[in-house]
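Colleague: One letter stands for each residue in the lines below.
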Amino acid sequence: MSSKSQDVESLLGQKYRHGFVTDIESDSLPAGLDEDVVAAISQKKNEPQFLLDWRLKAYRHWLTMQEPTWAQVHYKPIDYQDISYYSAPRAPANAPKSLDEVDPKLLATYAKLGIPLHERARLAGVAVDAVFDSVSVATTFKDKLAKAGVIFCSFSDAVRDYPRLVERYLGTVVPAGDNFFAALNSAVFSDGSFVYVPPGVRCPMELSTYFRINAAKTGQFERTLIVAAEGASVSYLEGCTAPMRDENQLHAAVVELVALDNARIKYSTVQNWYPGDENGLGGIYNFVTKRGECRGRNSKISWTQVETGSAITWKYPSCVLKGENSVGEFYSVAVANNYQQADTGTKMIHIGRNTRSTIVSKGISAGHAENTYRGLVKILPSASGARNFTQCDSLLMGPKCAAHTFPYMEVKNPTATVEHEASTSKIGEDQLFYCLQRGISAEDAVNMIVSGFCKVVFKELPMEFAVEAQNLLSVSLEGAVG
Amino acid sequence: MLLKISDLHARVAGKDILRGVNLEVRAGEVHAIMGPNGSGKSTLAQVLAGREDYEVTGGTVTFEGRDLLTLPAEERARAGLFLGFQYPVEIPGVNNVYLLKAALNAKRKAAGEPEVDAYEFLTLIRQKMKFMQMSESFLTRGVNEGFSGGEKKRNEVLQMLVLEPKLAILDETDSGLDIDALKVVSAGVNSLRDPTRAVVLVTHYQRLLDYIVPDRVHVLSGGRILKSGDKSLALELEARGYDGVLGAQVA
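Top to bottom, those sequences are chains A and B.
Just so you know, we're using the working numbering here: the first sequence kicks off at 1 and counts up by one.
Just so you know, we're using the working numbering here: the second sequence kicks off at 1001 and counts up by one.
In silico SDA-like pairs for lysine to any residue, Cα to Cα no more than 25 Å straight-line:
| hint | chain 1 | residue 1 | chain 2 | residue 2 |
| --- | --- | --- | --- | --- |
| 1 | A | LYS426 | B | VAL1097 |
| 2 | A | LYS144 | A | MET205 |
| 3 | B | LYS1152 | A | SER441 |
| 4 | A | LYS459 | B | ARG1141 |
FYI, nobody ran anything at the bench for these hints, they're computed from the structure.
Between the sequences and the hints, there should be enough to build the whole structure, so can you do that?
Modeller: Next comes the structure, spelled out in structure tokens:
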């Protein structure tokens, strides 16, 4: 091959940058799962009875369920008895009350990840909740948010401090027995984030959670619940990383969003869990259930995701559009390189009148990867005047990867309008050569072409994260075109 | 000597296309390469620009005395070799101006110059666009995205004017242009003519040469330059056809 290809090949040397392990003492439950483990998790967190009951109900239901096999992903069976369901950094008897009390090693870990809880977060005006293995370690900006009446805290704190709010909304969007992985999460979830924005309040800053899996042989099962009351609005971003390990690790999260009348929730994800090495060894199994309910009139929920990590991604952030005139949006960039497998998409369930949804999905496959878009647009008989627009584009880099598109549509109201556009293209040698001939390096050219392809999605991300997403994309795809 | 091609052989997909091309281009000159379909004109342009699918099997090419064939495509471009594409490709979502700025900065970086100032760049590009009679909307559109054939060719010439190459190879830049667009494109090319630069026009039609008057005209056929002359050769080709001019020489 020529020199250009070699240059590009050499870029493949770029390794996953978040693959370090933090040497920190942790308090873990032994591997295995039964009712005692569920009860032990609940007890460790001093949970009220309703939550223990809810967990146990979910666990018993989970036992009756089968792991789903319909996704376009292949993996060895997961041994659910070989996973530790709880791991927390060992802290003094009392949990840290402020950032100053947080283990400096943990803070250093987050700094390495580019999430300094101290200054940079403050500069950026972003409130960060950081979840390390199973436990939330620090939430910044609590005071400023409290002044605005916004509750942003770890899920555990919410259970302790706002049990009524939790009881009222928990499981109302993703029921405990919703699906195999959601049921597992409901039984064993250990922490996550909780947000409540009271009526009429526009959350004064971006909220953000960083999830980090550190301990070996643990699963991460966090749960996020965001409620925007009447007329409230909030923008929330989550980021995810994990160390490089040869064995696969399970991540099964649940996110529930509730938007009441005239409320808006914007939920953005930059998912960069460890994807495994270039031969497909190791990596995170990411089985996530995300769903938002536009419960009120004129409410809006918008999902934006940039999925570059994980060995397997199984994820369909969805919107249930109940309220009249409510709006659901899904903007996605999913990248699969090497042996990564992604099966991701969305569900838009139109129930209310004049509900609208937009789906824009950009799938990029490189190496030996499999990338699948799977989406459902369902218009119920009650959804007169509902509208959907779907656009799915796939970009293939190299001859060994694959892209699949499974758009499902169920339209039960004759006044509804549903549009679907799809395209598959190869990153052209022509496009690449055109850029090279203008003096632009192969690396810059690929970045340029790919980010052009993803532009409509990136512009939906909060400004400060759009840049991060773009960088992540270029790292994920380095060397993918030769 | 700006460009010196000696006994150049090249093949694509296992087929020999160039079979001993010799050509010398001095700074300040405009050369036209004409020839029947399949004679190797576009192959010559692509080989000079460094396209990988074309395998050079023999001969040498020097550009300002440097061995051109050992340089990767992007370095040839930065050294001042520009190819105006016959079919400029669309790159959706990549801003036209962004690409051009990246190209200019890549060239400046290679020359050890600082990146272009954003304001200066915008002023420069606005002026060149006006000259090429392009509307401001081209600033924000994707590279060649949804452009008509004529708009794509104007965009190629716009890029050339901004990058100010030492050697511009224009591969059928006149094809698909109406007469007004042809005049604009020709004016663009002519504005670049100066004693330090050269232009190689690959074309089927004598029409273009009414607007861009060449110093030399070459007839490429069967992978070799079979005949060279001045402007009158193009007129002769127009009148008598390739067979008439080349006669028995055509392989």
